[in-house]
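Protein chains in written order, with the numbering used here: chain A, 1 to 188; chain B, 1 to 387; chain C, 1 to 167; chain D, 1 to 349.
Fair warning: there could be bad hints in the mix.
As the list claims (entries may be wrong) - Not close to chain D: a few residues of chain B, all C-beta gaps over 12 Å, as computed:
(1) 101
(2) 106
(3) 148
(4) 243
(5) 370
Stated by the list, open to error - Here are the simulated EDC-like pairs of lysine to aspartate or glutamate, each with C-alpha atoms no more than 16 Å apart in a straight line:
(6) A:81 x A:158
(7) B:210 x A:158
(8) C:78 x B:201
Read the hints as simulated data drawn from the structure, not as lab findings.
Think of the CB as a built atom: it goes at the ideal place given N, C-alpha and C, for glycine as much as any other residue.
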Amino acid sequence: MKEYFRNIYQAIATILIGMGVTLRHLFTRAVTIQYPHVKRELPSRSRQKLFVNMDDCIGCLQCARACPVDCITIENIKAGKDEDLGVTSNGQKKRMHVIKFDIDMAKCCYCADCVFPCPTECITMTPDYEFATYDRGDLLVHFSQYSAEEAEALRERDRKEKAALAAAKEAKLKAAAQAAEKKDKKDN
Amino acid sequence: MSKSNLPPTQFELEISDDLKTEEMTLSMGPQHPSTHGVLQVILKTDGEIIKSAEPVIGYLHRCFEKHAENVTYHQVIPYTDRLDYIASMNNNLGYAIGLERMMNLEVNERAEYLRVIVAELNRIASHLIALGTYGLDIGAFTPFLYVFRDRELILDLFEELCGARLLYNYIWVGGVAYDAPQGWIDKVKEFTDYFEPKIKEYNDILTFNKIFIERTANVGVIPPEVGINYGVSGPSLRGSGVNFDLRKDAPYSIYDRFDFDVCIGKGEMGTVGDTWDRYWVRVAEMFESVKIIRQACDAIPEGDAKETVPRNIKVPPGDYYMATETPRGELGYYIISDGGKNPNRVKVRSPAYSNLSVLPAIAPGVMIADLVAIIGSLDIVLGEIDR
Amino acid sequence: MTAQEIYDTLKKKFPDTVLEFNSEALQPFIKLDAEKQFYELCQFLRDDEAMDFDFLRCLSGVDYGEPLGAVYHLFSMKHRHEIVLKIEVAREGGKIPSVADLWRTADWHEREIFDLYGITFTNHPNLKRILLPDDWEGHPLRKDYVTPEYYNGIPILHPDTKGKTNE
Amino acid sequence: MDATVAFFYDLIPALSNLPDWLSYTIIGAVLTVGAFLFIAVFALIGIWLERKISGHMQDRLGPMEVGGWHGWAQTIADTVKLLVKEDIIPEKADKFLFKFAPFIMFTASMAAFAALPWSARFIPANLNVGLLYILSVSSLVVIGILMGGWASNNKWSLYGAMRSAAQMISYEIPVALSLIVALLLTGSMDMQEIVRGQAGGIFNWNIFGYFPLLFIAFIIYFIASLAEVNRTPFDLPEAESELVAGFMTEYSGMRWAFFMLAEYANMFVVSAISTTVFLGGWQPIAPFLDFIPGPFWFLGKALFLVLIQMWLRWTLPRLRVDQLMYTTWKVLTPFSFALILLVSFIKVL
Numbered sequence: 001m002k003e004y005f006r007n008i009y010q011a012i013a014t015i016l017i018g019m020g021v022t023l024r025h026l027f028t029r030a031v032t033i034q035y036p037h038v039k040r041e042l043p044s045r046s047r048q049k050l051f052v053n054m055d056d057c058i059g060c061l062q063c064a065r066a067c068p069v070d071c072i073t074i075e076n077i078k079a080g081k082d083e084d085l086g087v088t089s090n091g092q093k094k095r096m097h098v099i100k101f102d103i104d105m106a107k108c109c110y111c112a113d114c115v116f117p118c119p120t121e122c123i124t125m126t127p128d129y130e131f132a133t134y135d136r137g138d139l140l141v142h143f144s145q146y147s148a149e150e151a152e153a154l155r156e157r158d159r160k161e162k163a164a165l166a167a168a169k170e171a172k173l174k175a176a177a178q179a180a181e182k183k184d185k186k187d188n
Numbered sequence: 001m002s003k004s005n006l007p008p009t010q011f012e013l014e015i016s017d018d019l020k021t022e023e024m025t026l027s028m029g030p031q032h033p034s035t036h037g038v039l040q041v042i043l044k045t046d047g048e049i050i051k052s053a054e055p056v057i058g059y060l061h062r063c064f065e066k067h068a069e070n071v072t073y074h075q076v077i078p079y080t081d082r083l084d085y086i087a088s089m090n091n092n093l094g095y096a097i098g099l100e101r102m103m104n105l106e107v108n109e110r111a112e113y114l115r116v117i118v119a120e121l122n123r124i125a126s127h128l129i130a131l132g133t134y135g136l137d138i139g140a141f142t143p144f145l146y147v148f149r150d151r152e153l154i155l156d157l158f159e160e161l162c163g164a165r166l167l168y169n170y171i172w173v174g175g176v177a178y179d180a181p182q183g184w185i186d187k188v189k190e191f192t193d194y195f196e197p198k199i200k201e202y203n204d205i206l207t208f209n210k211i212f213i214e215r216t217a218n219v220g221v222i223p224p225e226v227g228i229n230y231g232v233s234g235p236s237l238r239g240s241g242v243n244f245d246l247r248k249d250a251p252y253s254i255y256d257r258f259d260f261d262v263c264i265g266k267g268e269m270g271t272v273g274d275t276w277d278r279y280w281v282r283v284a285e286m287f288e289s290v291k292i293i294r295q296a297c298d299a300i301p302e303g304d305a306k307e308t309v310p311r312n313i314k315v316p317p318g319d320y321y322m323a324t325e326t327p328r329g330e331l332g333y334y335i336i337s338d339g340g341k342n343p344n345r346v347k348v349r350s351p352a353y354s355n356l357s358v359l360p361a362i363a364p365g366v367m368i369a370d371l372v373a374i375i376g377s378l379d380i381v382l383g384e385i386d387r
Numbered sequence: 001m002t003a004q005e006i007y008d009t010l011k012k013k014f015p016d017t018v019l020e021f022n023s024e025a026l027q028p029f030i031k032l033d034a035e036k037q038f039y040e041l042c043q044f045l046r047d048d049e050a051m052d053f054d055f056l057r058c059l060s061g062v063d064y065g066e067p068l069g070a071v072y073h074l075f076s077m078k079h080r081h082e083i084v085l086k087i088e089v090a091r092e093g094g095k096i097p098s099v100a101d102l103w104r105t106a107d108w109h110e111r112e113i114f115d116l117y118g119i120t121f122t123n124h125p126n127l128k129r130i131l132l133p134d135d136w137e138g139h140p141l142r143k144d145y146v147t148p149e150y151y152n153g154i155p156i157l158h159p160d161t162k163g164k165t166n167e
Numbered sequence: 001m002d003a004t005v006a007f008f009y010d011l012i013p014a015l016s017n018l019p020d021w022l023s024y025t026i027i028g029a030v031l032t033v034g035a036f037l038f039i040a041v042f043a044l045i046g047i048w049l050e051r052k053i054s055g056h057m058q059d060r061l062g063p064m065e066v067g068g069w070h071g072w073a074q075t076i077a078d079t080v081k082l083l084v085k086e087d088i089i090p091e092k093a094d095k096f097l098f099k100f101a102p103f104i105m106f107t108a109s110m111a112a113f114a115a116l117p118w119s120a121r122f123i124p125a126n127l128n129v130g131l132l133y134i135l136s137v138s139s140l141v142v143i144g145i146l147m148g149g150w151a152s153n154n155k156w157s158l159y160g161a162m163r164s165a166a167q168m169i170s171y172e173i174p175v176a177l178s179l180i181v182a183l184l185l186t187g188s189m190d191m192q193e194i195v196r197g198q199a200g201g202i203f204n205w206n207i208f209g210y211f212p213l214l215f216i217a218f219i220i221y222f223i224a225s226l227a228e229v230n231r232t233p234f235d236l237p238e239a240e241s242e243l244v245a246g247f248m249t250e251y252s253g254m255r256w257a258f259f260m261l262a263e264y265a266n267m268f269v270v271s272a273i274s275t276t277v278f279l280g281g282w283q284p285i286a287p288f289l290d291f292i293p294g295p296f297w298f299l300g301k302a303l304f305l306v307l308i309q310m311w312l313r314w315t316l317p318r319l320r321v322d323q324l325m326y327t328t329w330k331v332l333t334p335f336s337f338a339l340i341l342l343v344s345f346i347k348v349l
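Okay, chain A solo, but in the shape it has when bound:
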């Protein structure tokens, strides 16, 4: 019997305590913010959208290799001997035409693993978080500064160079083989 009344007393008392808590909160300031109208300043380390400063990129592929989800695609063309592509802001010489530097933000897992290995600190995560789109394709960001024609021209040049190189190599091999043949004949 005592237990019974104690239970009732406890129920009423704890319910009143709980109601006290909620009543107190009814008159405290809300902690939420009205998002689209009020925006929070994100800390500088905030990992949101990726950004690549192409002026500094040397096309070393470190970021693409570090990415655990393969969301970075880079295509490089070696610069010609007489071409000067300038230097990066920390003094490294650029040796590559980076004709393609695509980041698929739809795949990105925001781990920032690509940021650390970059030797020129050109790939960074920015605090920009508002990049929702209606089309998933729009999340594919092209960073390369080369236009499609320029890229194609460079590719063509590279193909030719490679072909020339291969031809030269073949010629060299042939010459070597001929020389060997001659030698063989001589020996015999």
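Assemble chains B, C and D onto chain A, guided by the hints.
Here is chains B, C and D on its own, set in the frame of chain A:
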């Protein structure tokens, strides 16, 4: 209970023979408000009383272990974040320490302290969610938002530290990804001072509420032998009165330097090992975490936290099982290395996986409403169960 | 008890089952033969007063290249000691006696290994797939597993969506 | 009906020139439409209030966007959305019962409005057993819930329906018993009579009669009425964390909106009954405040009780089924019996 392994039941139904009853099969989930994700439980019920419950998992399987074999050691870390997404820091930690032990790597002192601070902060954040969702399962909505309010502050701290709010990729092999920014340690201290009184508020509105106690005490009792036999760990096992905390029993990182208690369930409101005890262990653990964080903040040395991070992770061939105490229990990484760039095998012994497996043993005989309470008190995260 | 002592005791009691002991490794392990008295050995480990391994921490399947294997990490709550057991079985038709009724943890873990490696556990109460759908083909964690292209007519491999949405 | 007809004849003298059947029909139709409009408006305001109160209790703001000032038009927007939503009936459902259930529930709660005394002169139907009438009509609600839950052909809905049947029938008893305590004091079931008996300021209200006996009766009635209208901590028929949405699981769109309307109408009805029986109905808080019209007091007091219902909802967890039964049969019912005994004993003395 003897060592025979019959599942115990809460109470046997007494139904007279001439009463014609029929069992009903009920599929709870995978879309259900209180299965904490995509868990399905096939229930056989007699009225509201459950005859048997069979969890069906795998709806969130993301092939973590297969992935881990195909990426480099370092690239596994972002994937470990996604196991238990409520307590990512703790997931990073176990994997990193496992590899460090295999590589025999000393870790920078400051990094060790930072690791402990973030791991304990994350433990608080995770327990807060456990509290809130548990209240939600019982039907109290308001505490849920109070805990989110305070968890947000922890996430803000993390965001300032490493830029991410949920999936941190912060604890690396050999150290941490970022050193603490200026004044961050003070902010953590400020947070602990703010947070401690808040726990009393949760107690007022939820923990000691009579209805809440009635709903949770004496429900879903896991006897200690059963819990151990089923591999239950963490707060769920400690709620049954078993003193087993890897931070104390097999200290990793620098946990042996801190003074804290292991909280175990004492059956204050009912039987030892009931859902209220499991809940209460979590509340008490938040106090302990605050204690650890305070000590760590006071003792943290100056230095470069990234000093000991190796450029290339070369793991000698061998295998190692690294178990750490996450908010949910013993998280084990069984890592096998063949000396190559990628791990040969990363097996995750996820605590929630084993914790959930005890459900068929304790569910029979309880009501549907109690089943919800039991699932809530086990504090499962399906991301970790299904991996 | 140290791993060495455990090994000595086991070697004495189950000379056929215990194959090899490695104390050099980071975590000393005992290699066992699955076909001979494995279950009895596990029962002994659990029930013996001096052993009292009541907590099966982890049970992992491993692909060792040619053979498949299972690794048991045992822990005693009372004595706070631990031991690692390793088993190797044949790639095709490998069988291990189930310990699910000794440690109920093993129930789900064995199902998982069956699911992902295809090792059969004899006497398991409910051996079926756990993580993957019941009608999945193959055992994905084997090293020689080839991802199928379709599952029930659903493409598995993600089409390369770079630059466009999937139409 | 006579009082109401007289009231309307006073209001619009032209009505009295019409034949009786026509004027009665017109008055009836006007009252029905009025009640419906009142319920709709009250539900709109009530849901908005509920959102705002829960928001502020939880340290947030609640709806703020639609309509400008504190999102006042949010519920209106939601209603429009519900109205234009696709009407989905599960294929395996019992279609007739499924369609019918929300309206039964709504009709039952609306019927109770007929006997609420709004002011000294205005009561739609002045029955001499007004209280009994309200109690009996409002218990029809359970039929609507049971029908909806069964017809949905969903196990969760069925659970919700079964729970609500058990719950509401059990809670009828403490509701009725605690009202009897007050009736003993007033000696009438006529709503107007009950209110008139409480004239003369706050201390003459029934709640303070034989203090604290009737105060306890009021608390019992309030708790039991929470169960009657399925509010937390007794919201087991809905129990979103256990039964998804209970008997409403399969409902959407307009039919769901009717369930919602009925719920809020019920909230108002039970509050109105406690206002009438315990809190002095349309009587002002003190005699000198007589100049403020009755409906203001009546509405104000009822709204106050509705607010307390909301306050409780956002504070408390939910009971389990057996604990719910425990509460009614082992706590509320014995207490109200004891009160009846005590009050009648005192009365006899």
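Would residue 148 of chain B pass as off the interface with chain D, using Cβ distances and a cut of 12 Å?
9 Å, violated
Hey, residue 210 of chain B versus residue 158 of chain A, does the alpha-carbon distance stay inside 16 Å?
78 Å, violated
No chain D beta carbon within 12 Å of residue 243 of chain B's
30 Å, holds
Within 16 Å, alpha carbon to alpha carbon, are residue 81 of chain A and residue 158 of chain A?
13 Å, holds
Beyond 12 Å from every chain D Cβ - status for residue 101 of chain B
Holds, because the least Cβ-Cβ distance between residue 101 of chain B and chain D comes to about 42 Å, which exceeds 12 Å.
In terms of Cβ atoms, is chain D entirely out of 12 Å range of residue 106 of chain B?
Holds, because the least Cβ-Cβ distance between residue 106 of chain B and chain D comes to about 45 Å, which exceeds 12 Å.
Given the hint that residue 78 of chain C pairs with residue 201 of chain B, test it: the Cα-Cα distance must not exceed 16 Å.
38 Å, violated
Confirm or reject: residue 370 of chain B is not an interface residue toward chain D, with every Cβ-Cβ distance exceeding 12 Å.
7 Å, violated
This entry does not satisfy hints 3, 5, 7 and 8, going by the numbered hints stated previously.
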